[in-house]
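Fit chain B to the known structure of chain A by using the hints.
2 protein chains.
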Amino acid sequence: MSDVAIGIDVGGTKALALIVARDGRVLGEVKAKTPHDAGNRAGEATAAVLTEQIIELASTHGLDPSEVPVGVGLPGLMRRDGHLAFAPNLQSVNGSDLGALLGVSLASSIVFCENDANCAALAEHEWGAGRGIEDFVMVTLGTGIGGGVIADGQLVRGRSGFAGEIGHMVVQAHGAPCLCGGHGCWERYASGGGLGRLAREAAQSGRLATLVARLGSAEAVRAEDVTAAGAEGLEEALVLLKEVGWWLALGLSNLAAILDCGHFVIGGGLSSASDLVLPYAREHLVDLVEGYDARPTITVTTSMFGPRSGAMGAALVAFERNS
Amino acid sequence: MSDVAIGIDVGGTKALALIVARDGRVLGEVKAKTPHDAGNRAGEATAAVLTEQIIELASTHGLDPSEVPVGVGLPGLMRRDGHLAFAPNLQSVNGSDLGALLGVSLASSIVFCENDANCAALAEHEWGAGRGIEDFVMVTLGTGIGGGVIADGQLVRGRSGFAGEIGHMVVQAHGAPCLCGGHGCWERYASGGGLGRLAREAAQSGRLATLVARLGSAEAVRAEDVTAAGAEGLEEALVLLKEVGWWLALGLSNLAAILDCGHFVIGGGLSSASDLVLPYAREHLVDLVEGYDARPTITVTTSMFGPRSGAMGAALVAFERNS
Chain A
4 MSDVAIGIDV GGTKALALIV ARDGRVLGEV KAKTPHDAGN RAGEATAAVL TEQIIELAST
64 HGLDPSEVPV GVGLPGLMRR DGHLAFAPNL QSVNGSDLGA LLGVSLASSI VFCENDANCA
124 ALAEHEWGAG RGIEDFVMVT LGTGIGGGVI ADGQLVRGRS GFAGEIGHMV VQAHGAPCLC
184 GGHGCWERYA SGGGLGRLAR EAAQSGRLAT LVARLGSAEA VRAEDVTAAG AEGLEEALVL
244 LKEVGWWLAL GLSNLAAILD CGHFVIGGGL SSASDLVLPY AREHLVDLVE GYDARPTITV
304 TTSMFGPRSG AMGAALVAFE RNS
Chain B
4 MSDVAIGIDV GGTKALALIV ARDGRVLGEV KAKTPHDAGN RAGEATAAVL TEQIIELAST
64 HGLDPSEVPV GVGLPGLMRR DGHLAFAPNL QSVNGSDLGA LLGVSLASSI VFCENDANCA
124 ALAEHEWGAG RGIEDFVMVT LGTGIGGGVI ADGQLVRGRS GFAGEIGHMV VQAHGAPCLC
184 GGHGCWERYA SGGGLGRLAR EAAQSGRLAT LVARLGSAEA VRAEDVTAAG AEGLEEALVL
244 LKEVGWWLAL GLSNLAAILD CGHFVIGGGL SSASDLVLPY AREHLVDLVE GYDARPTITV
304 TTSMFGPRSG AMGAALVAFE RNS
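As they're listed, the protein sequences go chains A and B.
Each residue of the first sequence is one higher than the last, beginning at 4 in my numbering.
Each residue of the second sequence is one higher than the last, beginning at 4 in my numbering.
To be clear, the hints were calculated from the coordinates, so they are not data collected in a lab.
Heads up, a few of these hints could be off.
Chain copies aren't distinguished; within one or between two, either way the pair holds.
[Unchecked claim] Straight-line Cα separation of at most 20 Å, SDA-like style, residue types lysine to any residue; simulated pairs:
no., residue 1, residue 2
1, K245, S277
2, K245, H186
3, K245, H177
4, K17, T37
5, K245, T302
6, K245, V303
7, K34, T16
8, K245, Y283
9, K245, E235
10, K17, G42
11, K245, T213
12, K36, I58
13, K34, S95
Pulled out of the complex, with its shape left as it was, chain A reads as follows:
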């Protein structure tokens, strides 16, 4: 059994690789851009980038890369065999078998793949904000919304390993179109991407006049501009962040009804704006959760490891499947 494992979180813009000890300590980190310009060879190009990261981390620690267990977290439907079956938010790698490609390039038989938000849930459950909690949902707010469901202390993986696709829960029938092909998915309202979409709509309808004046046009308004303006206390931005908090609470309420989870751990890029959004979300839960008063308190906290949760959990997956 290895003392360390490498975990990599492959996102739409970057791949974060960590070398992690069995007790969760991060011993080293390498970041790289996720390649998108390789056309139908994007899977191979991505595997090449990850291979370099793994070799660099292993050699820095005096290890043979083929002997270190490696876990890879990917967004979308990850089959139990490591094949990425459907990835609306990482379309370039859709259909690739990154685990097999890495196995070849590293001459390793100990490469394991898992959904990125499932990885984050496992890391938070083992070492972080979900430690000791038997029923919680990890919610990653990035371009989309990913999820990892812990029920009775175990990760819910489902029939094919696809469980936790909470961002594609429809909360507004016939609503905003989604990259998955559906309409009204939660992630069109409550993710970083959802905030961007709501911000552009608000800008176009004149609800963000100060921001539009500052940035020059309604089209220029991005999610980051709204969170930055909210942090300054700009009222029109706070109104929009409150709206996103309501949508966030709506989806959390659905999950609470279905799963009776008493706790949510919020991660992903938008969680850096959590001071602005989470207080509103907590406030709205009271009205939105069925039978709120009949339940013990439902808590919502930010992830303990922030942008590192996914990669740390990928390392945990590597430890567990290699044992």
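Below, chain B alone, put in the same frame as chain A:
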């Protein structure tokens, strides 16, 4: 260990009590009306009705009622200790501890309570349409929508035992008001009650002209009239049933995304109209499930035990907790 158990399913209109063998054979049945006119003593009145049912079933089989394990299925938030914490569709019994009341009236220490749809899920998993299936959801379409989630072969109960409240998943933000206090809950669109609501709206807007002419007024149109007319092939009724099938598929798709369950078992009163609704629901799943083509086939069948699933599962709960 007892060879038989009594299971009772307490619904909004009637209480169905069964005496069941360990292999699932139903040995006897007693039905009674659920009392609603006892004001703030409705809990006691309900317990009295159930006590009579239990005594009748036990004595017919030559048994002492205090020695037969009893399971009771109730709609709403059932705490693990047997207390009914919140029941939007059975408000008269809200807050009662039926398990304790029955324990006193029967001088029995082997009375167990569970959510009614969880009971149905357990019965279908042990003996019926979910047998051998590790990931499925039981969906009971009655006045509301109840649910029981089986993940990796186990019932998901959640922190307080409240899991499976799938009918209160919001699918239409700011939508139709619900008895739970929320808006846009799935059960306002896809249950028997939802069909009734959609039917009245359709009748009032002139979309059910033949039915309104037949029944005398738009207000007179009930869910049963629509399903009966649909069975006759009346086009305007079929259009409405197709709409309900779409709403049913929408909620099932959400559950498939969150849980990756490959199978749904449909029970409850509306399931008697399943020949009319389920084909539409299956058809719409193809468009509504995220990444449908990337997944193995998702199946939707009716419950094997129909209106008896809940009571049979309550008996199963009694067997298991008494062992």
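Hints and how they fare:
For the homomeric pair K245 and S277, the shortest alpha-carbon distance inside one copy (11 Å) is at most 20 Å, but the shortest distance between copies (42 Å) is not. Taking the shortest alpha-carbon separations for K245 and H186, only the inter-copy value of 19 Å comes in at or below 20 Å, while the best intra-copy value is 22 Å. In this assembly of identical chains, the alpha carbons of K245 and H177 lie at most 20 Å apart only when taken from different copies (16 Å versus 23 Å within one copy). Within a single copy, K17 and T37 get their C-alpha atoms as close as 5 Å, which meets the 20 Å cut-off; across copies the closest is 60 Å, which misses it.
In the homo-oligomer, the alpha carbons of K245 and T302 lie at most 20 Å apart inside one protomer (18 Å), although the nearest pairing across protomers, at 39 Å, exceeds that limit. Taking the shortest Cα distances, K245 and V303 sit within 20 Å of each other inside one copy (16 Å), while across copies they are farther apart (39 Å). Taking the shortest alpha-carbon separations for K34 and T16, only the intra-copy value of 11 Å comes in at or below 20 Å, while the best inter-copy value is 62 Å. For the identical chains of this complex, K245 and Y283 are intra-copy neighbours only, at 6 Å inside a copy versus 38 Å across copies, given an alpha-carbon limit of 20 Å.
Within a single copy, K245 and E235 get their C-alpha atoms as close as 15 Å, which meets the 20 Å cut-off; across copies the closest is 50 Å, which misses it. For the homomeric pair K17 and G42, the shortest alpha-carbon distance inside one copy (17 Å) is at most 20 Å, but the shortest distance between copies (63 Å) is not. Taking the shortest alpha-carbon separations for K245 and T213, only the intra-copy value of 17 Å comes in at or below 20 Å, while the best inter-copy value is 47 Å. Proximity of K36 to I58 under the C-alpha cut-off of 20 Å is restricted to the intra-copy arrangement: shortest distance 16 Å within a copy versus 72 Å between copies.
For the homomeric pair K34 and S95, the shortest alpha-carbon distance inside one copy (19 Å) is at most 20 Å, but the shortest distance between copies (60 Å) is not.
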